[in-house]
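Colleague: Residue numbers (this note's numbering), protein chains in the order written: chain A, 1 to 281; chain B, 1001 to 1463.
Hint data in this document are derived by calculation from the structure and do not stem from the laboratory.
Note that the coordinates shown come from a computational prediction; the quantities given were computed from them, not determined experimentally.
Glycine included, C-beta positions come from ideal geometry on N, C-alpha and C.
You may find that some hints are simply not true.
To be verified - Each computed SDA-like pair below joins lysine to any residue, with the alpha-carbon atoms no more than 25 Å apart:
(1) A:K262 to B:N1248
(2) B:K1408 to A:E232
(3) B:K1188 to B:P1060
(4) A:K261 to B:E1345
(5) B:K1408 to B:P1362
(6) A:K55 to B:E1031
(7) B:K1132 to B:P1060
(8) B:K1346 to A:I214
(9) A:K234 to B:E1345
(10) B:K1073 to B:D1033
(11) A:K261 to B:G1301
(12) A:K234 to A:I95
(13) B:K1172 to A:I4
(14) B:K1007 to B:P1060
(15) B:K1279 to A:R255
(16) B:K1264 to A:I95
(17) A:K55 to B:G1224
(18) A:K136 to A:I95
(19) B:K1004 to B:L1027
(20) A:K262 to B:N1344
(21) A:K194 to A:I214
(22) B:K1128 to B:E1031
Unchecked claim - To list a few chain B residues with every Cβ distance to chain A over 12 Å, as calculated:
(23) V1012
(24) F1239
(25) E1245
(26) P1316
(27) M1380
(28) E1420
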Amino acid sequence: MYRIIRKKVLAPTMKLIEVEAPDIAAKVLPGNFVILRIDEKGERIPLTVADYDRKKGTITLIFQEVGYTTKHLGRLEEGDALLDLVGPLGEHMQIEGYKKVICVGGGSGTALLYPKTKAFYEAGAKVLTITGARTKELLILLDELDAVSDELYVTTDDGSYGHHGFVTDILKELLDKHDDVDLVVAIGPVPMMKACAELTREYGVKCIVSLNAIMVDGTGMCGGCRVIVGGETKFTCVDGPAFDGHLVDFDDLMRRLSYYKKHEEEVLSNECCSGGECKCH
Amino acid sequence: MPLKPNKTPMPVQDSKERIKNFNEVALGYSEADALKEAERCLNCKKPLCKQGCPVEVPIPEFIQAIKEKDYEKAIEILKSKNNLPAICGRVCPQENQCEKYCVMGKKHEPVAIGRLERWVADWDLNRKKEVKSIEATKGKVAVVGAGPAGLTAAADLAKMGYKVTVFEAFHKAGGVLVYGIPEFRLPKEIVKREVEYIKQLGVELKLNFIIGKTKTIDELFEDGYEAVFIATGAGLPRFMNIPGENLNGVYSANEFLTRVNLMKAYRFPEYKTPIRVGKRVAVIGGGNVAMDAARTALRLGAESYVIYRRSEKEMPARLEEIHHAKEEGVKFKFLANPVEIIGNEKGEVIAIKCIDMELGEPDESGRRRPIPKEGSEWVMEVDNVIIAIGNSPNPLVPRTTPDIETTKWGTIVVKNEDGETTKEGVFAGGDIVTGAATVIEAMGAGKRAARAIDQYLTNKKIM
Ligand SMILES: Cc1cc2nc3c(=O)[nH]c(=O)nc-3n(C[C@H](O)[C@H](O)[C@H](O)COP(=O)(O)OP(=O)(O)OC[C@H]3O[C@@H](n4cnc5c(N)ncnc54)[C@H](O)[C@@H]3O)c2cc1C
Ligand SMILES: Cc1cc2nc3c(=O)[nH]c(=O)nc-3n(C[C@H](O)[C@H](O)[C@H](O)COP(=O)(O)OP(=O)(O)OC[C@H]3O[C@@H](n4cnc5c(N)ncnc54)[C@H](O)[C@@H]3O)c2cc1C
Ligand code: SF4
Ligand code: SF4
Ligand code: FES
Ligand SMILES: [Mg+2]
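The whole structure should be built from the sequences, with the hints applied where relevant.
Modeller: Structure below.
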């Protein structure tokens, strides 16, 4: 069992948990993820390791409640435990060798972006960070990001905080202003990553994205997480999750992510609205 | 009493009923059935049957014990060679192994060795007994992978007095027995009890632990393990590299079966893992995996087709599975091979395009090579395609342990029958060495490796 020793609500649907997992904490690097299962009837879902403490033997996960399993996870409290937790999975991110990096995070993608931002900063790169959300309440990790960025830009779609508009507006400004950016890292909703990939292509700047394909095992044995990169089939869990954004077929990814929509709605309505034990109403 | 020419029939769930549930199809002999079938065995002086069994189960001896109603003795004899008889009795391809060589089979049907083995094992599982855990005094051994090869090696090593830890990537032990082979063919309760037994022997199971990720082989040695047995199986799905394979609705058999068996998607939404099966499903392949996928799809409400590029005669699946699949209404398209999967604007499968094949000269496997017939393409409307054309070895361990040599197919190179690899103290066996094979062969490899590890560690201590 993997005990939750700390829980923090970052935004109404955005939560952080710190979990005891000494074997994973000992090995994890920025870019790695884990797969967890809450209980015997639960599904396996992947979450990025947002932070870790090797001495304490813990890892930190930050997640947005989007459906049944993430909502269930959000209802767990300190002292509760996860039934299964496996990792670290995926290839970690290449951090060394960059001088100026723009880190772009959208929505819950900001949580996934944070450990990479921190790693680039600690490795000595100049780090310009952009984070955006739909509205003010959904902005997360501003102080944390500020501490590991040379410059921090914030956007909201509705203008309730920071720049009124999209993260790509700022990205374009920064690319115009700095002609020595050697890497853009973009993590967030698929349309946002696609827009960042297209923009950086115009500027000839390398762009790394982190893909969120649907997973089961996370070890390369099911092929469910396959994505098309440069015309070839790749398994996100073992070949990724980070890929060259200029080569990713985002439309294919988007289609695959929607395959279980009906099931996802069904399992949610079953639990929440028919007198289940949940506390979401 | 004259000998009965035919096997005592196996009671089965009616095919019309069973396609609506996931309960076991073959119900097992009664004691009377078992005694009747045991009588058919001639107790041969030179039992040919035994040569056909990869682990050399003393077949006439255990059947003789059944005749004498000494079931305790029967199970003891079985377990002397086979740690998992309840499983082998159910899934061994007996027609190619023990039963193939049974003398009764020359004129009549062979003795139903597998069914008798299953009966004795089930009798044993159903009684209460205490297992003494053996005191571990001989040092620490690590086993990687909790499939049949790993579990067998772990049990044998524990019995020899080693402190054994099994590291398993999944959240459940059993390997293919839990994620691949469906409930209706091998109830998971049986695998669970066999795993319990192994734990009672004192074996420690570390689930959710991926060697190559959570720890490497070298780190296991640093942690004080003196030898390692790699039994990571052939878990990598092969695709066909034809257009449309990424469409929604195309599954690898591994994904399809893992969702249904391991994650229990057939009980969605009670269990939270979804599976989406439409009206008609095409399964590509002709082995056990294809049969399991086709019969599973049927139980999820689909019309189920198997598309196989050779003829029925060449199908590698167990005879019983082909028979059961037909009985249940799975339809077969022999001598056909997919060339394209066709999708709609939403990126979902709507049809499959195939080409007819004919058989040419035999290839390396001795089976006649299928050759496409030009201009013979046809299209069938389907909602799902399940690809069951085979699995490759899992590369995680070799990739992170460069001093373990592999072949160009990705299997681990072993120097001998014992499974010794090119790295000192590291042994390997099962599908990771042979490529996708059978449960009993994997177990055989586990047994031989356990003996070899014992020898290796004993010698090391003397030197
Ligand atoms: C490598 C990786 C790292 C991720 N890291 C994070 C993270 O740090 N924080 C975070 O909030 N989210 C992360 N995600 C996304 C997260 O896994 C999904 O939001 C979650 O699985 C949704 O489950 P649900 O039951 O709550 O929602 P559902 O309603 O079941 O699904 C909502 C959507 O999530 C996607 N999804 C569903 N099941 C899975 C699955 N098994 N695997 C992947 N995606 C799925 C589908 O697109 C689906 O439409 C990551 C995904 C991947 C692949
Ligand atoms: C659907 C299906 C049906 C089959 N039907 C039959 C049948 O009827 N009869 C028959 O005889 N054979 C059958 N087979 C074949 C048989 O199941 C295999 O030959 C056998 O399971 C091989 O055993 P193994 O121990 O080598 O590997 P596996 O059973 O594959 O077990 C390997 C284990 O290692 C784990 N693992 C992998 N990598 C790592 C890692 N890096 N770290 C930790 N753990 C790891 C895996 O999760 C898995 O649990 C079938 C196979 C399939 C897929
Ligand atoms: S283990 Fe398999 S091959 Fe050997 S006797 Fe039993 S059923 Fe036959
Ligand atoms: S060959 Fe057949 S008849 Fe002879 S001992 Fe074996 S099972 Fe019995
Ligand atoms: S999640 Fe199964 S192969 Fe990637
Ligand atoms: Mg879900």
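Colleague: State for each hint whether it applies.
Modeller: For each hint, the structure was consulted:
no., hint, verdict
1, A:K262 to B:N1248, "holds, 14 Å"
2, B:K1408 to A:E232, "holds, 21 Å"
3, B:K1188 to B:P1060, "violated, 29 Å"
4, A:K261 to B:E1345, "holds, 17 Å"
5, B:K1408 to B:P1362, "holds, 23 Å"
6, A:K55 to B:E1031, "violated, 59 Å"
7, B:K1132 to B:P1060, "violated, 28 Å"
8, B:K1346 to A:I214, "holds, 17 Å"
9, A:K234 to B:E1345, "holds, 23 Å"
10, B:K1073 to B:D1033, "holds, 19 Å"
11, A:K261 to B:G1301, "holds, 20 Å"
12, A:K234 to A:I95, "holds, 22 Å"
13, B:K1172 to A:I4, "holds, 22 Å"
14, B:K1007 to B:P1060, "holds, 16 Å"
15, B:K1279 to A:R255, "holds, 21 Å"
16, B:K1264 to A:I95, "violated, 40 Å"
17, A:K55 to B:G1224, "holds, 22 Å"
18, A:K136 to A:I95, "violated, 30 Å"
19, B:K1004 to B:L1027, "holds, 22 Å"
20, A:K262 to B:N1344, "holds, 18 Å"
21, A:K194 to A:I214, "holds, 18 Å"
22, B:K1128 to B:E1031, "holds, 18 Å"
23, V1012, "holds, 30 Å"
24, F1239, "violated, 7 Å"
25, E1245, "violated, 7 Å"
26, P1316, "holds, 21 Å"
27, M1380, "holds, 21 Å"
28, E1420, "holds, 26 Å"
Consistency note: the structure conflicts with the earlier hints numbered 3, 6, 7, 16, 18, 24, 25.
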